[in-house]
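Q: Residue strings, one per chain:
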Amino acid sequence: MKLSLGSDLGRGGVFVVGAAIVTAVYLVSAPLLMLVVTAFRGPHDFLPFEPGAEWTLEHLRTIYYDPVLYQVTIPDTLTFVVGSVVCTFVIAFSLAWLVERTDLPWRNVLFTLILFPLLVPTIVLAIAWIYLFGPNAGWVNVALRSLLGFSGDGPLDVFTMPGLIACQSVALVPFVFLLMSATLRTMSPALEEASSTSGASPWTTFRRVTLPVLRPGMLAPLILTALITLEQFEMPLLVGLPARINVFSTRIFYELNPDTGLPIYGRAAAVALPFLVIGLLLLCVYNRLVREADRYVTVTGRGYRPRRLPLGQWRWPAFTAAVGYVGVTGILPAIVLIWISLYGYGMPSLDLLSDASLEAYRTVINDPVFIGATLNTLLVAGASAALVVVLGAVIGWVLARTRMPGRAILDVVSFASVGIPSVIAGLAAMLLYLTLPVALYGTVWVLILTYSYRLAVTTRMSRVGLIQIHTELEEASAMSGGRWLTTLRRVIFPLLAPTLVSGFVLLFIIGVREFTLAMILGSPDNLVLSVLLWRFFEDGSASEASAVASLIILLVVPVIFVLRRLVAPKAEYG
Amino acid sequence: MLKVAQLSKSFATADGAQCALSQVEFEIRDGEFFALLGPSGCGKTTTLRCVAGLERPDNGTISIHEQVVADAIQGVHIPAHEREIGMVFQSYAIWPHLNVFENVAYPLRVCRPRLNAVEIDTRVREVLALVSMEEFAERASTVLSGGQQQRVALARALIRQPSLLLLDEPLSNLDTMLRQQMQHELSDLVERVAITTLYVTHDQTEALALADRIAVMRDGAIVQIGTPEELYERPQTSFVASFLGRANLLSGRLTETEDTSVIVLDNDGGRLRLPLLNDSVPGVRYDVVIKPEDVACSRTPPGPDKNVLVGIVERVNFQGSYSECHVRVAGTTIRVRVSSASSVGVSERVWLTINPERCTLFASR
Ligand SMILES: Nc1ncnc2c1ncn2[C@@H]1O[C@H](COP(=O)(O)OP(=O)(O)OP(=O)(O)O)[C@@H](O)[C@H]1O
Ligand SMILES: [Mg+2]
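Protein sequence lines, in the order shown, are assigned to chains A and B.
Counting from 1 along the first sequence, just add 6 to a position and that's the residue number in the numbering used here.
Counting from 1 along the second sequence, just add 16 to a position and that's the residue number in the numbering used here.
Pulled out of the complex, with its shape left as it was, chain B reads as follows:
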């Protein structure tokens, strides 16, 4: 239902034009929950704002339900207020001069043809009930908590029953507990109203948990699009792999190929023995991606025949049931998970065992 093709956009800044988007393409199907995922500054918000009509693309087309709403070459630009899209802003943008009811009623009050007061009242109360805010209708909007503001923003975005809902990092302003809860409520809600949703986030767990499909972005371009499983299991680049799994990225050079491939890690970091690659060429540089949970950590040297790296513990982050250790191996830091009971300490020497089955290799550029 939403189709974005060849979208490009650059901004004029003090030191020349800065390219924010180049050739972004994706398509969202009816009723789908689609996430744009990427690190800060990669152009997610800019993409969303182009879809919303708040920003004019330099190039490319955007169409909703087969209707072209933006086409830079043809000069088509349907202004934001005529696109019938619901949007929740990162700051929520709740108007401080209106109370909760009036904030939510606003889209109905400004639409044509005018609705009568009774109808507005019923619909506002309906949608407030949907986000469990009905008893707050008369509350001043300046005294709402973060979670309540978010619900009001959602209610306001949904009240016109738009066919597309845009969400820009709606959970990033909330504390951890509330984020979990709102994440569940959000996915319930979107399912119940069955609305096509474009969701922007830099948090991979959020994207993995919520989305039907995810587009991973980097430096203004889309790197890979797929279902969470596809991206997690079959990443096409080391960037996607490391970004999605918060995985470790080791670089090295392929040396010998007999029955196994051996990667000599940079800075004398050690060697990794991996299953034979199909079309490997000795001398080529590779990135090895390995998730923290796939690295075993011990305080004594494990037996031979294993991929073992030796390092010094730099930092231990207590996470509850487990701790995340940052282990310095030669020039790089590898994150590993250890059980909290193991009481690994800072500055201690540890041996890391890497399971070759769990490593993913990418030829580095």
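Isolated chain A (complex conformation):
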């Protein structure tokens, strides 16, 4: 049903589609426009449209004539991104290959355990690792010192560039692992089998067939990982700043929260501009690669079962390595947080076991600020997920089913959010809502609107879902006398339900994990859990911070299981 004009949609339909398009374009582009404008407005203690502000190049000059940008910000960002991407990739690929293509024992359990940190806010992981690897009192360091007979600090120090890269990589591995394992799972085994029957050893096959065949499919996730690393804020803030590492996201934060004086918005915007351009460029490259990878045939139809490589004598060493990885990155952080929440910040020992105290939990739960932050977190994550799911479904429909003029622009706008670093999205939203004459700034509504710039996920999902739904199912509704809105409500949404629910779950998790946007747009009225956690940590209240972290995990896990159950029975005809 390729429509060209409004009469097929009806007046209500035109209104709904129009409203969705306007909202989507607004959510993504209005803040960015404000950001660009702000970079050129001064003087520096004025908001961009305050009376007295005028056009100026002052901020650009201050930022780009300053050697700090070239000696610290850019090199640090580059080292951080390249280092993290390389580490993330090597680890994620090895794990994915072991789990998907070899006879590794317990691979299903490992699969779940590797993914677990995906649910936990990065800030929780950052805090756990500082408690574990802090140079002075970190558990691992204390243990190593007593084992090796060292004194003083160390031997490991998380507050260094390698420490930062290690933390960041481990935080990103689950996501990249998920992408990799999907690619590896769908790779046709016939290609490898052809190599084996040509007389190649398994190792030769891996080197000469598996890797080259996978390269196009791996390049796109590589770029995506670079994009995501570029926008990371939590690790650079908690681990990087104490080590005097200043990447672009923390630099923007610093411009907004200077040690002395008022924030200089124009400068923050000026720092943001080149990174926004880099993000969008990477996005273009990514899009191209995805399209090329689709053309490269590594995938055959269904109905085959990839043959698993027997690891032979390497089976148990590989298993030990994988379990070791999961232990250090998933289980140890959970233990350290739970221990500290019960026993306070000290080395664990068996003698202490009976001294457990729920004091920290009691303090936290009785604190009205905690209750408020919990409600805010649920409200913001839930409302923005719902908004984005509905917008994404309508826009996905327009893109998949119509030939509306301007579709291409809509496509770009809805997808652009992937290329916009969240620090920049937060900064841009801040500028917009400080300027607009509505009293939104500092409320939860600002957070809901800003979180909702992540339209790409649901638009893409709905579009893919719609392609699998025969158009005649929609046309049958029109032939039954249903107006477009009726069709949308009674046919399109129900058929898309499995997609919409998984989209909602995904965005809800992203919303609960969100720290960057909430931190930049934070006020006492719209405090969310991740920011509250950071506050406890900064104040040195280790027990309370750990208690909040444990509670966040407790909050996220059941939500996911409940929602998954809702999706499962409906997935049959999806």
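In short, the hints are calculated from the structure, not lab data.
Note that the structure is a prediction, hence the values are computed from the model and not measured.
Just so you know, even glycine gets a beta-carbon here, dropped at the ideal spot from N, CA and C.
A portion of the hints provided could be inaccurate.
[Unchecked claim] Chain A regions said to be covered by chain B (calculated; three or more residues, Cβ under 8 angstroms): (1) 65-73; (2) 257-268; (3) 484-492.
[Said to hold, decoys possible] Residues on chain B that point at chain A, a partial pick, calculated with CB under 8 angstroms: (4) 70; (5) 95; (6) 105; (7) 107; (8) 109; (9) 111; (10) 129; (11) 131; (12) 133; (13) 134; (14) 172.
Fit chain B with the ligands to the supplied structure of chain A, relying on the hints for placement.
A: Structure of chain B with the ligands alone, referenced to chain A:
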């Protein structure tokens, strides 16, 4: 009641606009069963979708009961949901999230003014009984067989009691046995509810069996319109003749005219002696159409004075009471029917006798 005039439509494709319909014209009378027949890709579905309002014509007008529903020049386009037409889609388009009852009730649930629950219930059960599906009302629609899906789709199309029913190859998804049965049920049903029907198919036996009148289409245009008898007995082009009878098409050049016409077939295929044509011109190329059942096949040379072609059997398709042989004669393949008992074998040499009375000639273009 349905009038389609000068209908044209082209689609934008990667390599420019592709013309799907050009100047399609036909008229359907009240209560008539009208079929659009043509080979795959000739524009039948596109025509149907223009009538339904799912597609906008580039040119032409469509009117139902004297009311113009689409006029490209005037910019009139009544959207599909306001046309009160029942339609059965090729895929049936049964909604998987609704059960049988709800699928059929849907048109009543979305119409204005709203009907009350009791009335909806009675009408759904009535129409389900009409298609003998009443005991399946509460069945999930994902577990229906092909034939049951088709009945549900029909019930859904009929429940609003539309004045026009559109059917897009409704039998093509069914297996042979079921197709026969559904064909009978369909014609019974349409007769009982006395509804004007526009039926799209590429199967000439279906069209011949069901339709009051047939429009034969080719390459986006209508070639001939008529009753099944007219089309079968008096085709106006060799295309109609060969498509309707699944007939053989032989091409050749007219050479001599004394008391008979002689056609020299291409590629030294032999000669056909036919009754004298009225206004024949020597040297002109002709298409000769002959149905498989009008060709006799023997394994020994028949007597003289007959139209005989010699060929080699390429393939034998067993069809039950008879077999269809593909016989290679010079450059072309001729299909003939032989009795299954005759046991003609592949690679065998056979003599084909063609009855001149049964041949139809068309000057080829
Ligand atoms: N949406 C479209 N975009 C581009 N071309 C189309 C579209 N729909 C149909 N066509 C083209 O228009 C022509 C007619 O298509 P149509 O579907 O009407 O054929 P049909 O007679 O129904 O064939 P079939 O018996 O295979 O269903 C075809 O060449 C087809 O490729
Ligand atoms: Mg068709």
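Q: Confirm or reject each hint.
A: Now the hints, each set against the structure:
With a threshold of 8 angstroms between beta carbons, the proposed coverage of the region 65-73 of chain A by chain B is violated, since 0 of its residues qualify and at least three are required. For the region 257-268 of chain A, the stated coverage by chain B is violated: 0 residues have a C-beta nearer than 8 angstroms to a C-beta of that chain, whereas at least 3 were required. Interface restraint, the region 484-492 of chain A with chain B: holds (8 residues with C-beta to C-beta distance below 8 angstroms; minimum three). Checking residue 70 (chain B) against chain A by beta carbon gives a least distance of about 5 angstroms; that is within 8 angstroms, so the hint holds.
With a least beta-carbon distance of about 5 angstroms to chain A, the hint placing residue 95 (chain B) at the interface is held under the 8 angstroms criterion. Satisfaction of the interface hint for residue 105 (chain B) is found here, the shortest Cβ-Cβ separation to chain A being roughly 4 angstroms, below the 8 angstroms cut-off. Annotation: interface hint on residue 107 (chain B) holds; nearest CB of chain A at approximately 5 angstroms, less than 8 angstroms. For residue 109 (chain B), the shortest C-beta to C-beta distance to chain A is roughly 4 angstroms, which falls under 8 angstroms, so the interface hint holds.
Given the 8 angstroms rule on beta carbons, the hint for residue 111 (chain B) holds: about 6 angstroms separates it from the nearest Cβ of chain A. Restraint check, residue 129 (chain B) versus chain A: the minimum CB separation of about 12 angstroms is more than 8 angstroms; hint violated. Evaluation of the residue 131 (chain B) hint against chain A yields a violated restraint, the C-beta minimum of about 12 angstroms exceeding 8 angstroms. Among the interface hints, the one on residue 133 (chain B) is violated; its C-beta lies about 17 angstroms from the nearest C-beta in chain A, farther than the 8 angstroms criterion.
Below 8 angstroms, beta-carbon pairs count as interface contacts, and residue 134 (chain B) has none with chain A, the closest being about 20 angstroms; its hint is therefore violated. For residue 172 (chain B), the interface hint holds, since its Cβ comes within 8 angstroms of a Cβ in chain A; the closest pair sits about 7 angstroms apart.
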